[in-house]
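Given these sequences and hints, build the entire structure.
Protein chains in written order, with my numbering: chain A, 1 to 144; chain B, 1 to 139.
Because the hints were derived from the structure by calculation, they are not lab data. We put the beta carbon where it would ideally sit given N, CA and C, even for glycine. Some clues are possibly wrong.
What the hints assert, rightly or not - Stretch-level coverage of chain B by chain A, calculated; a stretch enters the list once three of its residues show a Cβ under 8 Å from a Cβ in chain A:
| # | segment |
| --- | --- |
| 1 | 73-82 |
| 2 | 88-96 |
| 3 | 102-115 |
| 4 | 127-133 |
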Amino acid sequence: MTIDWGNFTPWTALAGGVLIGAAASLFVVLNGRIAGISGLLASLLERGAEGRGEKFLFILGVLLAPLPWMLFGNLPNPEFQVGWPGLLIAGLLVGIGTRYGGGCTSGHGVCGISRLSPRSIVATLTFMTAGFATVFVLRHLLGG
Amino acid sequence: MRKLASFVAGLLFGLGLLLSGMANPAKVIGFLDLAGAWDPSLALVMAGAIGIALLPFAWAKRRGRALLDAPMQLPQKRELDGRLIAGSLLFGIGWGVAGICPGPAIAMLLGGHWQIVLFMLAMLGGMLLFSALERRRAC
Numbered sequence: 001m002t003i004d005w006g007n008f009t010p011w012t013a014l015a016g017g018v019l020i021g022a023a024a025s026l027f028v029v030l031n032g033r034i035a036g037i038s039g040l041l042a043s044l045l046e047r048g049a050e051g052r053g054e055k056f057l058f059i060l061g062v063l064l065a066p067l068p069w070m071l072f073g074n075l076p077n078p079e080f081q082v083g084w085p086g087l088l089i090a091g092l093l094v095g096i097g098t099r100y101g102g103g104c105t106s107g108h109g110v111c112g113i114s115r116l117s118p119r120s121i122v123a124t125l126t127f128m129t130a131g132f133a134t135v136f137v138l139r140h141l142l143g144g
Numbered sequence: 001m002r003k004l005a006s007f008v009a010g011l012l013f014g015l016g017l018l019l020s021g022m023a024n025p026a027k028v029i030g031f032l033d034l035a036g037a038w039d040p041s042l043a044l045v046m047a048g049a050i051g052i053a054l055l056p057f058a059w060a061k062r063r064g065r066a067l068l069d070a071p072m073q074l075p076q077k078r079e080l081d082g083r084l085i086a087g088s089l090l091f092g093i094g095w096g097v098a099g100i101c102p103g104p105a106i107a108m109l110l111g112g113h114w115q116i117v118l119f120m121l122a123m124l125g126g127m128l129l130f131s132a133l134e135r136r137r138a139c
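Here it is as C-alpha cells:
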C-alpha cells in the first residue's frame with residue numbers, strides 16, 4: 001500500500017464529516033429520526049409511510065445543498081469512474097442492497113456506529129470490505 | 001418547527017457531503033483502492049462524523065421523546081441475519097463499482113450530470129424491485 005498524499009485532503013474531509021455528523025445529531029435530537037438516506041428515500045417511494053413530510057424535507061435539504069454552496073464557490077466536479085453500464089448495475093445493486101441490508105453509509109455507517117449498534121457495525125464492516133474487494137478485482141485483477 | 005428542523009438538518013448534511021469529497025466518485029474509489037495509491041481522506045469523514053455524533057446519539061438512546069415533541073424512533077432490531085449481510089455485500093459491490101452511495105447521489109443530482117441521474121434512476125428501480133419482491137413474499 002502507498003498513500004496518495006497528492007489527493008489526501010484531511011481538513012475538508014474532517015470538516016465535511018463534522019457537518020454530516022452534526023446534521024445527523026440535529027435530526028435525532030430534534031426530530032427523533034435516523035438520517036439514513038436510503039431508508040428515507042425508500043419511505044418516499046412508499047404510499048402512506050410514516051412521517052413522510054419530515055423525511056421529504058430532509059431529502060429536499062440534501063438535494064438543495066448545492067444552492068447555498070454556490071454562494072461561496074463552484075460545485076465539486078465529479079470524476080466518474082465507469083460508463084453507463086457500470087452506473088446502471090451499480091445503481092441497481094445499491095438500491096436493492098441498501099433495502100435488504102436496511103441502510104447505507106449514512107444510516108449504518110454514521111448514525112448506526114454513533115449509537116453503537118452491533119447490526120450497523122457489522123453492516124458497515126461488510127459493505128466496506130465488499131467495496132475494497134470490488135475495487136481490487138476491477139482495478140487490479142481485471143485491470144479496468 | 002419539526003419540518004423546518006428536517007430541512008435545515010438535510011441542508012447541513014448535503015453541505016457536509018459536498019465539502020467532504022464524498023461527492024466525487026474518483027475520491028471514493030481512491031479510498032476503496034487499498035492496493036493502489038490509497039487516499040485515506042474518507043476515513044476522516046467517518047471519524048469526524050462519528051466523533052461529533054457519539055454523544056448526541058448516546059443522549060438520544062436514553063430518551064423516549066425528541067426535543068421537538070416527537071417520539072424517539074431508533075431502530076429496535078438486534079439480530080445479525082443473512083439479509084443484513086447479503087444486503088450490505090450487494091451495496092458494497094455497487095459502491096465499489098461506481099464510487100457513489102445514496103447521499104452524494106442526491107446532493108449531486110441537480111449538478112447537471114447525466115451519470116448521477118442514471119445512477120439515481122437505477123437505484124430507485126432497485127428499491128422498487130425490493131418492495132415488489134417483499135410483497136410477493138408476504139402473499
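Hints, one by one, checked against the model:
no. : hint    : verdict
1   : 73-82   : holds (count 7)
2   : 88-96   : holds (count 9)
3   : 102-115 : holds (count 10)
4   : 127-133 : holds (count 5)
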